[in-house]
Amino acid sequence: MLESTTAFAVLSPVLAIVVNGVPHVCRDERPTVADLLRELVLTGKRVAVEKNGEIVPRSRYEELPLVSGDRLEIIAAVGGG
Amino acid sequence: MNALPPTPVDPLLIGGRSYRSRLLVGTGKYRDFAQTRDAVVASGAEIVTVAIRRTNIGQDAAAPSLLDALPPTEFTYLPNTAGCYTADDAIRTLRLARELLDGHTLVKLEVLGDPQTLFPNVRETLKAAEVLIKDGFEVMVYTSDDPIIARELEAIGCVAIMPLASLIGSGMGILNPWNLKLIIAEAKVPVLVDAGVGTASDAAIAMELGCAGVLMNTAIALAQDPVRMARAMRLAVEAGREAFLAGRMPRKLYAASPSSPTAGLIG
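Taken in sequence, the protein lines are chains A and B.
Each residue of the first sequence is one higher than the one before, starting from 1 at the first, in the numbering used here.
Each residue of the second sequence is one higher than the one before, starting from 1001 at the first, in the numbering used here.
Derived from the structure by calculation, the hints contain no laboratory data.
All the pointers check out, no bait thrown in.
A partial selection of chain B residues facing chain A, derived with a Cβ cut-off under 7 Å:
| # | residue |
| --- | --- |
| 1 | G1026 |
| 2 | V1050 |
| 3 | R1054 |
| 4 | A1082 |
| 5 | L1096 |
| 6 | L1100 |
| 7 | N1217 |
Even for Gly, the Cβ is constructed at its ideal location relative to N, Cα and C.
Please work from the sequences and hints to get the whole structure.
Okay, structure coming up:
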C-alpha cells in the first residue's frame, strides 16, 4: 500500500505555492505565471504580480515558471482615498 | 437666468501635465461602484485615487471591478499607499502600482504613523519620497502641515505637496490656515489640501488660501447625498479659485465704509 502511494506521489508531483498569503496547489505540474492566472480566472483582469518579492513584468507571464515554495502576491486597484 | 461668461482657462499643472479640474477625489467608502461613478462624475474630477490591494482569489470572474465603473482610459488613476506604515512598504506598493498601470509614474505617497489618527509619519515619508523620485516616480506627497517638512519634500523633488487640513476622514476642515499659508507662500510646486475636508466651504477656503487644488474622499462618500455633495464640491473649488484669482478686498476691523453715497441724504 505504502509503495503504491509513494509511487503515485513521484508520478504526480504537486506544486505547492503561496498566493496572497494562502497556500495553493497548482492544477498544472509546471505552471507558468500565466498558467496560474488562467487557473485563478484572472486572465484579462488588470493585475500586477510579485514573485518572491520581485515584480514580474507582464511580458514575462507566459515564460516564467513557478517552483514549489514560491510566494506570489497578485494585486489590483480598489476603491480608496 | 443670465448665462455666466466663460471662465478663463486656468489649468492645474502637475508634473508637466495639465488638468481642467482642481478637485481630486478618492474612490473609497461608497455604497457600490454605481454610486462611486455617479459621485466622481458629478465632482468633475479627472484624477482619482485608488488603493492597491491583494486581488480576491476565487471571486466570480464576472464580478464588476472599480475599473469597469471608472475606466482608466477616462480618468487618471493616482495609486496611493494607504495602509503603509514604513517607507519600504510604500515603495513596494507604488512599484507594483506602476506595473499595474502600465508604467504610469504619477503617484500619491502616504506613510502613516498611527492607525487611530492616521497621522503621517513624516520621517518615513521623506525616506520613501527620496527613493521613489530616484526611481522615476512623480510623487504627490501627503504630509503634515509642517512648513519645514513641506520645504524638504519639495527640495527632494516631489511634484506636489499635499498637507492635511485635519485628520483623514475627520471632516474637521482646515484647522491651521496659517501653516497652510506659510507652505503655499514658499512652495514652487502645487500645494493641494488632502485630508480632513468636511463640506463645501472647507474646499472653498482651501482654494481661497491659494491652494492649487483639493483632494477629498470621505467628505463626498459619507455625505447624506454623495452625488449632490460632489456637485457642491465642484462648485466650491471653482468658487474658491475664482475668489483667489479675483483678489479679495482687505479686512478692516473698524473703518466701516458704506457702499452707498454719504452725500445727498434726504433731510
